[in-house]
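J.: Spelled out, the chains give:
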Amino acid sequence: MDQKNIGRHFILLGFGCLLVSITFGLVASLQYVVPHLFGDVLSFRTTRPLHVFLAINWIFACVTGVAYNAWPQVAGRPLHSYGLAQIHFFMHLATVLVVIIGFFSGTFSGREYLEFPVWVSGLIVGYWLLFVYNYFKTVHPDLRGAPVYIWSWTAGLVFFLITMTEAHLWLLPWFNDNIIRDVTVQWKANGSMVGAWNMLIYGSSMFIMERVSGNTTATRGRTAFLFFFLGFTNLMFNWGHHTYVVPAHPVVKQVAYIISMTELILFANIIMKWRRNMGSQTPPNSVLTVTFFSIADRWILMNLALAIAISVPYINQFTHGTQITVAHAMGTTIGINTTLLLGCVSWIVEQSVSRASRKHIILASRWLHWSLLVFWCSLLVTGFIRSAGTIGSLPFVRITEQMLPWLRVFSLAGVALVAALVAIIISLVKPILVRTDVA
Amino acid sequence: MRKIYFIVCLMTTYIAYSAWVYTGGTGSVVKMESAAQNGKRIWQRSNCQNCHQLFGLGGYMGPDLTSVTTDKRRGANYARAIILSGGNNMPNYHFTASEADDIIAYLDHVNKAATANIR
Ligand code: HEM
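Residue numbers (this note's numbering), protein chains in the order written: chain U, 1 to 439; chain R, 440 to 558.
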């Protein structure tokens, strides 16, 4: 493995995970419409965990690749240890392979989002420690006077370790034998873990925005830090809106509600910025990055509106445990995380993307946006039907029947979404494979 | 420097808040019996949360089971029958009668904890 190309290997691993993930996602969605599709060989019991695990790994592998590419540039010196980064890569690859084999053979720990056997978590924490070590040794982050992306990376790296540990507290009887504590801590750990990976993605995106615009004051300014602290506070305390139905202490819910509503500030700011930016110029060599980042901007707006709505306890009691939560989850992981990461990868490879390919990617990005909109709306409608059926005490089989037409729309939109993603991946992977000096 | 103080305060609040959530904030009065503990192990090993939610946590193909054992329309006997035989989209796991009893004990525990006050 060429020492310079560690970032590129992670990005390729990420794209591999994404391709396999969306294939299983598509099969899982078809299994809603055609029960027993593929029988026991590849049932929903295998496809859903594989889809979700690989989708999360796409995000992690890609952001790792972007970070390994960015850190030497930020620090002005090479990565501290390529050897450790290589070990990190092979450990990450091994985790992905082991988990895929495990899921096919039906080995589960049965914890939502971390369904793989517990010892795999040891492997994940192991490679994360290598990643963190390389970050501190390469970047030497000194928070005093540092730009906001250094704060974001540091917070994301550290909080992933904290939340990953927290998610395993159930191994202790104190947590495992008290279902209220177990469920609360699961929501707490998983909710904050999403916040941690967002910190890594936002950090990388802000670094790239700085490079694209050439403006180094914005990432050191008051507004940037206001939003960093807002995001960080949300990471630590916002998870509680998932626990409105859990009979934990009322204070947990009150704290969550107040913190969720601070997101309104973020919301207002995005709208204002949006208006101001209309009609501004795009640097010619960053067209793809700007295209993806502006799609992310739209999805931040829509998902935030949804998140704020479902954080209101009265609304939450109807939406919780329905496909509206799935809309929230996939709306953010596709609409925001995936588009930001595609923008980051574009920034790395854009110089070597041919004109024709750029046109294809821009076309596919529009396709991605619109198919995602249909995908997202169909999940919202499915969720409403489920909620109405539950309130009306309909048997679950009847509710499923009523949801079916919208689940078909969901599957079809999923096909369109997969087509757009595949087109984008092919165009972005080509320059990575051809040029060895890229990333 | 102000930013550093601020982050130290935030982290301290976070640690204190987490400690409270782990203890007083979630102190349930309902004890988990050994049948329920075994039921939980089977629940996890069989990955039931892939399709079912408890307190809204889990996948969405199947119904939420938080209160299935006392639900007027469903109830423990119905739940036990489905667990033993499977359903339309619900797989048949070929559980023994005692495994099914333990899963029901676990679901019953969840239901009791859901309706009890915390300490
Ligand atoms: C970049 C692409 C994607 C990402 C990052 C992604 C991510 C996710 C995540 C995080 C979940 C868990 C949701 C939750 O538990 O609330 C999920 C569930 C799911 N996704 Fe995706 N997804 C992607 C694309 C797709 C596509 C193209 C399809 C196919 C139509 C699909 C179908 C599903 C299905 C059926 C579920 C399970 C929902 C359930 O539990 O019933 N996903 N996805």
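Misleading hints may appear alongside valid ones.
Unchecked claim - Stretches of chain R that chain U covers, calculated by requiring three or more beta carbons in the stretch to come under 8 Å of a beta carbon on chain U:
no., region
1, 464 to 472
2, 477 to 483
3, 486 to 499
4, 518 to 524
5, 538 to 552
None of these hints come from the bench; they were simulated from the model.
Cβ atoms here follow ideal geometry from the backbone N, Cα and C, with glycine treated the same way.
J.: Three or more residues of the region 518 to 524 of chain R near chain U by CB distance under 8 Å?
T.: Violated: only 0 residues of the region 518 to 524 of chain R have a Cβ under 8 Å from chain U.
J.: Please check whether the region 464 to 472 of chain R has three or more residues whose CB lies within less than 8 Å of a CB on chain U.
T.: With 7 residues closer than 8 Å to chain U, the region 464 to 472 of chain R meets the three-residue bar; holds.
J.: Given as covered by chain U, does the region 538 to 552 of chain R meet the bar of three residues or more with CB within less than 8 Å?
T.: holds (count 3)
J.: Count the residues of the region 486 to 499 of chain R with a beta-carbon closer than 8 Å to any beta-carbon of chain U: does the count reach three?
T.: Contact hint for the region 486 to 499 of chain R vs chain U: holds, 13 residues under 8 Å.
J.: Just to make sure I understand the rule, a stretch counts as covered if three or more of its residues have a C-beta closer than 8 Å to a C-beta of the chain. Does the region 477 to 483 of chain R meet that for chain U?
T.: That given contact holds, which follows from 3 residues of the region 477 to 483 of chain R lying within Cβ reach (below 8 Å) of chain U.
Checked against the numbered hints given earlier, the structure breaks only hint 4 and satisfies all the rest.
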